[in-house]
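What follows is each chain in one-letter form.
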Amino acid sequence: MPTSGGPGWGSSGGDAPPGDCQAPLPAPTSCDPIAEACGDATAIAGASDAYVYRTALTAADGGSSARARAALQALYRVSKRGGDAQWIREVSYLVDFEGDDTALYLVERTEDPLTMKVSARVDDEETVIGETHHTSGNTYWNTALTRTLAGVVAYDDLGPTLPSFSHVTPTKLVLLADAVEGEYLGSAPAYDGERLFFTWNDPPFDEDGSGPLHRALVSLAGDTRPSSPATPRPASIHPWRSTPTSSTSPPAIRATCPACSRRR
Amino acid sequence: MNVSRVAKTGGPVTPLFPPMDIGIDQVLVDGDEVFFHQAPADIFAVPKTGGTPRHVWHGVEDERRGMHLDAHDLYFSVTVPQGDISLPGHHFVVRVARTAVVP
Numbered sequence: 000m001p002t003s004g005g006p007g008w009g010s011s012g013g014d015a016p017p018g019d020c021q022a023p024l025p026a027p028t029s030c031d032p033i034a035e036a037c038g039d040a041t042a043i044a045g046a047s048d049a050y051v052y053r054t055a056l057t058a059a060d061g062g063s064s065a066r067a068r069a070a071l072q073a074l075y076r077v078s079k080r081g082g083d084a085q086w087i088r089e090v091s092y093l094v095d096f097e098g099d100d101t102a103l104y105l106v107e108r109t110e111d112p113l114t115m116k117v118s119a120r121v122d123d124e125e126t127v128i129g130e131t132h133h134t135s136g137n138t139y140w141n142t143a144l145t146r147t148l149a150g151v152v153a154y155d156d157l158g159p160t161l162p163s164f165s166h167v168t169p170t171k172l173v174l175l176a177d178a179v180e181g182e183y184l185g186s187a188p189a190y191d192g193e194r195l196f197f198t199w200n201d202p203p204f205d206e207d208g209s210g211p212l213h214r215a216l217v218s219l220a221g222d223t224r225p226s227s228p229a230t231p232r233p234a235s236i237h238p239w240r241s242t243p244t245s246s247t248s249p250p251a252i253r254a255t256c257p258a259c260s261r262r263r
Numbered sequence: 000m001n002v003s004r005v006a007k008t009g010g011p012v013t014p015l016f017p018p019m020d021i022g023i024d025q026v027l028v029d030g031d032e033v034f035f036h037q038a039p040a041d042i043f044a045v046p047k048t049g050g051t052p053r054h055v056w057h058g059v060e061d062e063r064r065g066m067h068l069d070a071h072d073l074y075f076s077v078t079v080p081q082g083d084i085s086l087p088g089h090h091f092v093v094r095v096a097r098t099a100v101v102p
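Top to bottom, those sequences are chains A and B. The first sequence begins at 0 in numbering that gives the first Met the number 0 and counts up one residue at a time. The second sequence begins at 0 in numbering that gives the first Met the number 0 and counts up one residue at a time.
Looking at chain B on its own, in the form it has when it is part of the complex:
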């Protein structure tokens, strides 16, 4: 799976990076970058023009819900279910800088 670009009027489809054996479940486009969430718990950014994805955030296998973007940060919520049960108090709304890089 990868992320591709195509003109709104149609035409050739251009991958932004080579296909990878990953699952992508949300894509946000803003400015010059495309942010995507790779299941289960990673966020990457890649230029609209293509290139090597930058690793923005890494968590653990979770039930991430939604991803929002403004000029500075990404916002989403995380939780870690205990078995099949999602416990109260194990849910957070979090923020990470859109320029962040996972070491």
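Pulled out of the complex, with its shape left as it was, chain A reads as follows:
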């Protein structure tokens, strides 16, 4: 991560805090040099020497958004009302992150290419709450997070067959449905606390490879949770009236860095 930059807004240069903490990023005063891109929106974070990779919204103390800087990625937090963005920690193996009213959740790669870890940050305390594993026959896999009306859900967003879905909470991953039979997962799931909603694609791409040819919206209802990890209960799929279109946790890691927060 760059630690120096020009004298302008948002550079992380200047007196560095002790340890591996990084200085806050000063709030931008405008959207210059891309004011037209912001329209009538108000810039609340930016950096003169970095890229915004992704954002998430939480509710703590008015909420925060986190962002990552390319090359060496790091998470930053900024108030919804603006102000300096506070460095949280580096995230060299970040895959995805998302927030809810309680926590910020992170998915990161591990040394095992078939395993990713999921963590939750609550009040600067970070806990690994579980892992996801590549178990299907898909060549590629990923673990993505999406915020729904009933909280954050983890899933594979690379159009897998036999997709699985888990509810992400500050303390654990709760399996909602495992290896659901159908076509190719076509969308991020929605979850209302009782049912999952998502689309199936069949086939995954049309003849010119530009996108799905047929999609069907389905709900996954009933007791989708396995009765035990070893003997999962089959989930029930309820195809809707199709709307075809053409187209065991480690201890918590407390933050101790006085200037920001970090793992140890």
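It is worth saying that the hints were derived from the structure and are not from the lab. Each hint should be verified, as a subset may be incorrect.
[As the list claims (entries may be wrong)] Using C-beta positions, here's what the derived DEER-type ranges look like:
(1) B/GLY30 x A/ASP111: 41 to 51 Å
(2) A/ASP31 x B/PRO39: 14 to 24 Å
(3) B/VAL101 x A/ALA58: 22 to 32 Å
(4) B/VAL12 x A/GLU180: 21 to 31 Å
(5) A/GLY82 x B/ALA70: 17 to 27 Å
(6) A/SER91 x B/SER85: 14 to 24 Å
(7) B/HIS54 x A/VAL127: 39 to 49 Å
(8) B/HIS54 x A/HIS132: 39 to 49 Å
In this text the structure is predicted, and so the values were computed from the model without any measurement. Glycine included, each C-beta is placed from N, C-alpha and C at the ideal position.
Using the hints provided, position chain B relative to the given structure of chain A.
For chain B alone, coordinates are given in the frame of chain A:
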């Protein structure tokens, strides 16, 4: 493309507004409204019960990433690539009131 409503238990599909020649790449539902991002750089809001979409935000062709919503505002990030290159310093996290109306 448009945005439609259907009961969670299935049934008739009701468009919230007449189909338009637009691309919609994200939809957020909250309270009585549905917010949607129309590619490349516009955000609209429409009542859950249907009606004329209200133009909430307009930018320029960008690489908008994510859209988040709370009781008062929408949050997202914007950037404008220079050709095929995305430059540092050309990225912002921004906020716009959910009640905003583009003149």
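The hints, checked one at a time:
1. B/GLY30 x A/ASP111: 41 to 51 Å: holds, 43 Å
2. A/ASP31 x B/PRO39: 14 to 24 Å: Once the Cβ atoms are compared, 21 Å apart, the range 14 to 24 Å for B/PRO39 and A/ASP31 holds.
3. B/VAL101 x A/ALA58: 22 to 32 Å: Hint holds: Cβ distance 28 Å, inside 22 to 32 Å.
4. B/VAL12 x A/GLU180: 21 to 31 Å: holds, 25 Å
5. A/GLY82 x B/ALA70: 17 to 27 Å: holds, 20 Å
6. A/SER91 x B/SER85: 14 to 24 Å: At roughly 20 Å between Cβ atoms, B/SER85 and A/SER91 fall inside 14 to 24 Å, so the hint holds.
7. B/HIS54 x A/VAL127: 39 to 49 Å: Given about 44 Å between the Cβ atoms, the range holds.
8. B/HIS54 x A/HIS132: 39 to 49 Å: This hint holds: roughly 45 Å between Cβ atoms.
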